[in-house]
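J.: Read off the chains here:
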Amino acid sequence: MKTNIIASIISLALFGTLAHALIELPTNTSRLTSLVTANLDESGVSNPVTAVLLNFRSYDTLLEMGVLLLALIGAWAVGPRQTLPGHSDDTAMLIVLRLFVPPIILGAAYFLWVGAKEPGGAFQAGAILAGALVLLLITGRATWFHRDGWHRFFLSIGMLVFLSLAAAPMAMGSSLLDYPRSQAKHWILIIETAAMLSIAFTLVALLVGGRPHCKEIAD
Amino acid sequence: MNDSLIRILLFAAVALPLFNALAFAIPGVRLAAWNGSALAALPALVLALIAQPGTEAFGLVVDETGRIFLGFTAALWFLSGWFTVNCMRRERHRVRFDVFFLLSMAGNFLLILARDIPTFYAGFALMGFASAGLVLHRGDSEALRAGRLYIALAVFGEVMLFVGFGHLAAGSASLRIDEVVSSSTSKAAIMMLLIGFGCKAGALSLHFWLPLAHPTAPVPASAVLSGAMIKAGIFGWIRFLPLGLVEWPDLGITLIVLGLLGALLGVAAGVTQGNPKTVLAYSSLSQIGIMMVAFGVAFLDPASWPALLSALIIYAAHHGLAKGALFLAVLPVKNCRTRWHVCLGCLGLLLPALALAGAPFSSGAVAKLALKEPIRYLPGFSAVLVGVLLPLAATGTTLLMIRYLSLAWPKQAPSNVRTSDDSLWIPWGLAVLSTLLGVWFVPGGIVDLDKVTTPAKVWASAWPVLAGIGLALSWHRLKKSFHWKTPVGLPAGDVVVLLERLVPKRIRKAIAFVPNKDPASLAPRVRVDWLRMASLAEQRVREGIWVLLAVLLLALLLSMR
Amino acid sequence: MNSALLLPMILFSSFFTGLIIFFLGESMHKARTFLNLLGAVLKVVLVVQLLAGVHAEEPYHSVLKLAPGVEIVLTADALSVFFVTLSAALWLLTTIYAIGYLERSPNRSRFFGFFSICVSATTGVALSGNLITFLLFYELLTLSTYPLVIHKGGDKALRAGQRYLAYTLIGGAILLFAIAWLQSLAGPVAFVPGGALAPFADEHAWELKVIFALLILGLGVKAAIVPLHGWLPNAMVAPAPVSSLLHAVAVVKAGAFGIVRMVYEVYGIELSRDLGLLHPLAIVASITILYGSFCALAQDELKKRLAYSTVSQVSYIVLGAAIFGPVATIGGIVHLFHQGIMKITLFFAAGNYAQALGIHRISQMNGVGRKMPWTTVAFSVGALGMIGVPPLAGYVSKWYLQKGGVEGGEPWISAVLSMSSLLNAAYFLPILYRAWFLSGSPEQEAASPAKRTDWWMLVLPPVLTALFVVYAGAFAETPYSPLEWAKMIAQREYEP
Amino acid sequence: MPTDPATAALWLVLIPLVTAVITFLLPSAGRCLVTVALAIALLPLMQLIQYLWVVDGSVIHALGGWAAPLGIAVSVQGDKAFLLALIWLVCVGVGLYSLRYMGEGYKAFWPLWMCLWAGLNGLVIADDLFNLYVTLELIGLAAVALTALTGEAAALKAAVRYLILGLTGSLLYLLGVALTYAAYGAVDMPTVAKVMTATPTGNVAIALMTVGLCLKAAIFPAHVWLPPAHANAKAPVSALLSALVVKGAFLILVRLWCDVYRNAQTSGAQEWLGYLGAAALLWGASQAIIQQRLKMLIAYSTVAQLGYLFLLFPLIPTHANAWPGVLLMLAAHALAKTAFFLAAGNVIWAAGHDRLRDLDIVMPRLPVTAFAIALAGVSLIGLPPSGGFLGKWLLLGVAMESERWWAAILLVMGGLLASVYIFRVLMLVFSGKAPSDAVSFQAPPPIMEWAALGMALAAIALGLASELPLALIERGGRP
Amino acid sequence: MELSKVYMLAAAALVAIGLFAILRTNHVVRQLLGINLLGNGIFLLLIAIAQAPADAPEEGLDPVPQAMVLTGIVVAVCATGFALTLIERYRAVSGCLTVKEGADAD
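Residue numbers (the working numbering), protein chains in the order written: chain A, 1 to 219; chain B, 1001 to 1561; chain C, 2001 to 2496; chain D, 3001 to 3479; chain E, 4001 to 4106.
Since the hints were made in silico from the structure, they are not lab data.
Among the clues, some could well be false.
Said to hold, decoys possible - Here are the computed distance ranges between Cβ atoms for each label pair:
1) THR143/A to ARG4091/E: 25 to 31 Å
2) PHE2475/C to LEU1392/B: 49 to 55 Å
3) VAL114/A to ILE3060/D: 33 to 39 Å
4) ILE190/A to GLY3151/D: 37 to 43 Å
5) ARG3355/D to ARG81/A: 28 to 34 Å
Predicted, not measured: the structure shown is a model, and the values here were computed from it.
We put the CB at the ideal spot given by N, CA and C, even for glycine.
I would like the entire structure built from these sequences, with the hints used as guidance.
T.: Take a look at the structure:
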């Protein structure tokens, strides 16, 4: 009971300070919108958020992909060994599978493609694709878990592609993540597809928790 | 030629006894060194005879007073050395005795011949500590008590000297004795040196070790102790006190009073003693008292110092030789082999005793008269005081001599007791001869014969002796008629008995007070509850972390206003 | 050998042999003994060369810059060479003695490793050119002597080690604070004959006084000044070569040497006098002298008594520094050397008694003279030297101290000195008396010292140092005696 | 190879990331891949230092070609190069040690470690507040995963507590970043610094960021997660955590207070950090003295040594010697603490436990490890020949100049308190107990002992050959 | 008071509630939920900041905070995923879901 009171006092105090700080906010603070719109056409994508995410502040995204991979490695290193659901031939599930998986995959592809112009992109597509993969997992058809090599490849494909494309300009003399202005759009697309794949597989692996019990996966 | 000979002799005088002593350490050479202890004193003796005053070598010098002192000291060391060779042959710690004997001899010669202060002080200390070995030789409880006292006084004396020399040499750069004494004026130095040498000479209030130490030491050792080593104290006074330069009346008077008191106390205590050697020790005490009077006079009237000096030298020589002879007599005389030996022993005893008492025509008379001469012209009442009391002291000495003779009268040894072997008689005999002739043939002829032989002088030296004999006879008859037992003797070393009872309790308590325990054991082991308390505190912080962070946030915000 | 290289060579000659010895196996006796002796002899040879150099007034200076205002400077002036010669010579003897003493004891590589490092630290303390270098080697000395103090192991040794550390580390911390404060006032302070702080005296007078007090506190721990001497008697639990090294050569001397440096070469004797620092220092030193001797009276353990006697003897050096005037300085500085050789003789002898006859207490020492004549002769020479009996070394330093005291206008000093000599006699003479004149109880008589082939290793060092005591005392006037060197130091101190 | 230093620094971030991915792909090849990565990383590091040696100035590099306020900028200067070199050196030491220590098991150790290394390098060179959040998160997660690697109950509990507090800390930091963006319209440090004025939002932002970072840096009240986490992790992990991870958050705090929020008169607030430092110093040392387990003792010693860094926090911008002193202190502590933890690892490898009371039989039989602990202890206490002493000496000078006597006394007192718990460990070596075979003893492989000794020697060498590092730190201005 | 200020206050409230949730319990999963709440509060704040200020409505949303939110969300997801796995392992090993500041010091 005592901790509740203390906790409430502290959080109220925090709320008070935050509110005070936010109310005092001056309205004329400069913003980066104008800067973004000015450089938008050079970024190779028309959606400003994707431009910021994958071109202007692409270093953040690179590190963020690193965090994603790290979370997975951590989970596998720490998490308890998990058993995958068995192969189920329940007709209802089969129907659901056939009905939903292809459209979801198509939807994911659409989101990926539209990201350049409209809100969307690798992360949203990845999440949707993960949904499809979960369906497969539940019905015991998560075959990729059984082939460890391929599974690790798919998990790290996003990071691999992004790193190689980021390092490429350095090899060509200019600095890190400095895509050639002309092909920027294509480079971003390649990165986004790879990122989508690895995000999807990572989310599913995180859902499973620890490393799955499988015959050929040596610990 | 003889200059280089003298230089060799100078070196040999000190070096021979030293190397002899060290030789004992090497087992192989021990035997040869054995009879070396007798010959060790020879170079010094020869040096004293042939050296002209003022020759210097190896930091040593032979000056006027030095030569005479060296003469009679070397003679005494030579004779007692010879005596030791014979009498100590069967002793248990023979080697240790010889080593200490030789070391003291070396120290004694070194301090007489020293030119600068450190050498003198080195000799003095060497003699002090080595002679302690002689006193402790017998090793029984009495020797231990006497030895401890002797060492204590010796060390105290040396420390006093150390401080005295410091003050003396404060101003001057060089350390040569003559320059230093003439240049320094500090009164503190004089006091320190007086006390320092007083300890060694056995002046009153610093004398209580003397009656204990001399008797317990073996005969040759006590002969040298009483004869030569006490004189070192006197020699030190002569050398270092600015006599004839400084006029210090009240010091003079105190010295005179102390001297006379010492003389009288010596007699009073000595007469009642049972051991002949103690009697002799007390007699030395009184003789030193008389000499102190001379120093007192020197301070009163500095002009009279040269005369006093020569008187003191003669007196010291005479006393040294006589006292040596008397001490050496104790052993051979005890159980003589034949009647002829007995009468020879009587003669041998009588002559030095009379000389010591100052009988006419003896060396004692010469010395005493020489001493009285300058005192007579003193102004004021001190002259009277000295004129009357000095003869009284002489009678006292006679009384002591009679007491000594009564104790140490030579007796025919009963058939079963081993008689003292003849080899002892020769050195003793020579000692007696030297007392008789020594003073007369004092090198450099200070003494002019005619003055002594005038009838007035003869009478002046005779009446105290006669008075003494008279007193002794009357005392003897009274004792016989009233059957008095001889009154119980004052315990030897009177003052010390008192001291021993008073002081030790307090000293022992003081020493015990010093912390001897291991202080670390005091710190109680406090760690345990500290441990529990600290881990609880950590617990508190763990639970209250958010409160503390909130406080930090608040503090940051407030401080930014 | 060019001069810039000589100083580091001296410093590191024993350091490297020490490091190598560390990693030698326990069983490699020959290699270890050879390395030990090699290090010792090499150092003595180099020091002799340095002696000649400094005598001829050659400049020796080598600098290692660490950070802005922080430099490791090694210089060799008369005073530092004096201390280096002492430590180098006595280290050679102590090494020989230690090899003999620790004949069959465990982990000797560790012992000799730390042993060599400790001496290089002492050399560093001696050769340091500025305050920071001095502090560096001063702390290194603490570290290298700690393992030596607790070499035997067991909780008694550990407790003594704990006390030792507590004292020395707190002392070191105070010294660090004082030096940092001094540096913030007067910039990096180097050792300059005649002192370097005169210009700062007027506006910082008060701070300089406090800093001086802190410096003396910091150094006083090692110089065993009375309130801070607690660790010394407890450190006696260490083996004999260590307690001799600690007391005669390394730790205690480093403290005293530091105080001499502070008074003469940091503050300068004139400034110290003007600030009125000398008088309290003299009083503290006198109290230590008397208290140390008084405590020694009460100790029955031989090494404890010697420890307390060291407490009092080292303060002679401090007293010498605390009296204004060249004569007292000579006395103080020459006592630095004399106390070293005398005390090391006593400890060698004490070690021999413990090793051969198992005697630790004075009450057991009856009749030991006959059984171990040479050792006891050495002990007697050392003891008599300590008392100040003339022909020996102790007398010379006491003589100069007292003469300086009287000339410096402080006669009470001769009272202190004489009182101390009396106390020295009071606690040394009974030992000599027992050794020579009394005969032990029957079974003690029977216990003849275990005959060993290498007994010379144990007996030779004390006899040599005893001879040196006699030489330093009797032949004090000869050109290459410690007294002459001390006179040269004093002369350079007062002339610049 | 790239010529301009910032790209060289970025290589230092890329190499570990690439290695992490590859070791994830090929788990069994973890050990040799990491050794190769460590070797390759030396090249850009040397180039970076050589370049900075010639050009005396701070080099700012816009990533992806986009200028600062829009894109992310990375800057490199002397002190950052020194920190990168320090991180590399510690990683080499830990790497050598783990080659034998981890052996075949714990395959996940290598990729997690590489991510940690990448995060640390990224943090040092980052100039963007949001980027710092991502690197902080990268380091935090990697550290928690590494702590939980052993899988024992105590380690997991510590890891969970560390995670909760870590996440809260970084989110508070993110809240601060958001408010800063709201108040000043940019997240790039130099831009914000230029436009900085004392607005209430700004003040709240910096306050929140400070509390968040205090949680991550385990400064006094927020140190509760550190001892259990560092004590129960495996030896190389606790070495990494203690030496580098906690220092990252401190570096951000310094950048924030000294660069970004410099002219928003916040000097009053910095005093508080100084007092926190003093409290940490005393609290950590007193707790370390009473610990019964060796690794807990070392962990609390970290809490104490962090106090040193914070003690003179307010003086860093104003006094010339303060920042080199703090950096030297930081580096010496990192090296010494790594040596200490690696040595503790050896002791646990040999004895099977680290209860101090029963170690007196084991310690005498580990001479090299004991020597490593001794040297590390010398640096932690701050005794002369070591880097710790030099850092403490410089800080003492600064404290004295600024008349902060309490700080000066605390600096000296800290050393004394440290000596108590250091010598408590060292005394075990001289216990003189005969090695009884009743106690199980398994000698650790020599490379592990020599790795620990190597790091300790580096700490001492930092004190002796400190002219080079100090000159490097002076290059290119200071916060 | 325009709409963006309302969102900001809502965000502040979310942050406060999140913090309250973390502080009041030592049940780890509830604390994790609190952390997520705190994170979402911050992201809401970021979006509210992205709103165009009243006096220059034509500029539209500022993409940079949005990008930050996206990155933030991904990081939050990773952290939560890893945390849940860790907590599951912790429960498997120690049998309880709370991290009480028990008597055992470590």
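J.: Hint by hint, work out which the structure violates, then give me just those numbers in ascending order.
T.: Going through the list in order, the structure violates no hint and respects every one.
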